[in-house]
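Enquirer: Here's the letter readout for the chains.
2 protein chains.
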Amino acid sequence: MKFNCKKNELVQAIQIVAKAVASKPQMPILSGIYLHAEEQMLELQATDYEIGIICKIPAEIETPGDIVLSGRYLQEVIRSLPGENVNIAYEREQKIVKINSNTANFTLLSLSANEFPVIHQLEGNISFPIRDNQLRDLVKKTVFSCSNDEARPVFTGCYMEVGESVVTMAATNTHRLSVKKEPLDNFEGAIHIIIPAKILNEFLKIMVSEIPEIVQVTCSYNQISFAFKNVYLTSRLIEGQFPDYHRVIPSDFKTRVTLDTAEFLSAVDRVSLISRAGEYNIICLEFSNGQVKISSNNPDIGNAEEKVESVIDGPDIRIAFNSKYVTDVLKNIDSKKFYFSLGDPLTPAAIRQENDDTFTYIVTPVRTAR
Amino acid sequence: MKFNCKKNELVQAIQIVAKAVASKPQMPILSGIYLHAEEQMLELQATDYEIGIICKIPAEIETPGDIVLSGRYLQEVIRSLPGENVNIAYEREQKIVKINSNTANFTLLSLSANEFPVIHQLEGNISFPIRDNQLRDLVKKTVFSCSNDEARPVFTGCYMEVGESVVTMAATNTHRLSVKKEPLDNFEGAIHIIIPAKILNEFLKIMVSEIPEIVQVTCSYNQISFAFKNVYLTSRLIEGQFPDYHRVIPSDFKTRVTLDTAEFLSAVDRVSLISRAGEYNIICLEFSNGQVKISSNNPDIGNAEEKVESVIDGPDIRIAFNSKYVTDVLKNIDSKKFYFSLGDPLTPAAIRQENDDTFTYIVTPVRTAR
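In order, the protein sequence lines correspond to chains S and A. Once you know that position 160 of the first sequence is 160 in the working numbering, the rest is easy, because the numbers rise by one and skip nothing. Once you know that position 151 of the second sequence is 151 in the working numbering, the rest is easy, because the numbers rise by one and skip nothing.
Careful, some of the hints might be misleading.
It does not matter which identical chain is used: a pair holds within one copy or between any two.
[Claimed, not checked] Result set (BS3-like, lysine-lysine): computed pairs, CA atoms no more than 27 Å apart in a straight line:
id : residue 1 : residue 2
1  : K198      : K254
2  : K324      : K198
3  : K336      : K98
4  : K293      : K98
Just so you know, these hints were derived from the structure itself, not from any lab.
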């Protein structure tokens, strides 16, 4: 195997696939990045058996072939190279890979390419295209609600439900729930799957193009893939039954409050400086007289209180929340204003964007001593 | 105590003194920042008993007094405040401090101000003024050569020698030595002290003014202080005898090499990607035919090699170093080119700036297998 390519393109491709390199690999080969050179294309692959990432870049291939190099050293070495172009050549007998760029020459020991679990692209017949910004929004507004508790796997992923004209994503850790819908054209069939949060978070990091792209989503019985531009992400799915989340969305509320998103978020952030040190991170909200009083108290540190103007429609209410469950969602709201809908101090509340019924966030309040 | 001041000025002052707040305090009071309000000035202090920092800012004082607040929470709270001004008031009976800015109100529990070991400014008669850029350069070019080994305290600080017309700073960890001199006017007497690296590193972080300043350096028998602008830094000195470093500076060299600083540094950085994983981090330098070949080898990873153009005056030589001992000094060299002076493969080498005899760096080579 022998090829040369642009350093910057190779650095970017390595950065993308490196997200799938196992940090504590089950097998040494999984600490490597697989490079496959063929037909003027260099394909890079990495996998930790849960997720897999492929990225392709153009290259001048002199001799096709496969190699596997330590992900860590490949990344450090290529990034450091002084030239614009990189030459890479495998010397089969010595099992070494020579990397040259300008005045710099590196030799890295190669791992055995035939031990690498090469990723094969999914050929499921359940597949649909979706615009990148739609998929980003579905993920961004739900994935933060997932649980980290591996003991209950269904809550560590986002539930995706695809019907004829709409795709819905939902996530919950049982204390809060995010549901986001996007319209979809011309899809036949039905999909109900749970996608691990990990691959969705990687998708958010990798898919940052400013040019609109189409993402092709493909499912098999236990796998999903996302293909866009020169990147292919794949992951196993989570087995199990996602709970019927519709049941936890209250059908009506007594008090509806309209608030400025940025102003309320920064006030909650400040007030929770005091509660954050505590175990439950509780903030108390008192809605009355066109104001929300946000407060927190920690006997070891002190207390904080801030008032924010609001439009309150309905009876006054005093209610307490885990402040992280409030700030997480507000950071992902795009509208200048948002609606906070409340029932009783111990029944779930809803947060929705202004003039947008495609997103619903439900959060369970906390019982406080008073 | 009651005052108000500009939020930004208070944030900056807290940031400066926070560097002396003990991370693992011997006594709870040392986790606090002491605030003293008097005569339209707010003075902030922090100390961990080794170093102490004072910073003063203008404030509108309504009632003078002293308080001590948790350094961590004071910093987080003040930084987060929404307004341009901050009002701070101590309520003596409840032992709480009220902080208000715009819509935000915080209450922090106060520590006992009378337990705080207030820093008194040194009134030594051994004192001299020095320009900030001179002192910065003295520190920057030597402090990295200090040892971290607390078992041999004299090597954990910089030796400062002040004579009638010159101030010299030197530091060594016994494998390398930095010596830097700066001219000084009108100083009478002599100073020979060892200043802990910690206070010098804090000085480098705090003294970043772009406007030329004068730093007043004052010494007592076991303490030193640096006063500039609104800041006062103080530290205990290290007891003991600094070794006679002049003896380790070779009087002559066989080979003198002139190299481009940036080019050589980036090549050494790259080549040591391979050796850095190893225990000794060794790079080998071969000077011959107007080139330096820099190489490193790690049996688990591979090897690296790079050639850099140089002007070589004297016999060819092959010599090995701990690469960190080479890169550390090159990062602190300001001249476009530098001189590398070499004797034999096992005798100390010298690095000097181009056309500058005020700085000398001596580094001991490493014996290699070949």
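Enquirer: Taking the hints in turn, state whether each one holds.
Expert: Tested hints:
no. : hint        : result
1   : K198 / K254 : neither (37 Å within a copy, 60 Å between copies)
2   : K324 / K198 : within (20 Å within a copy, 37 Å between copies)
3   : K336 / K98  : neither (54 Å within a copy, 32 Å between copies)
4   : K293 / K98  : between (65 Å within a copy, 17 Å between copies)
In the structure shown, a violation is registered for the earlier hints numbered 1, 3, in ascending order.
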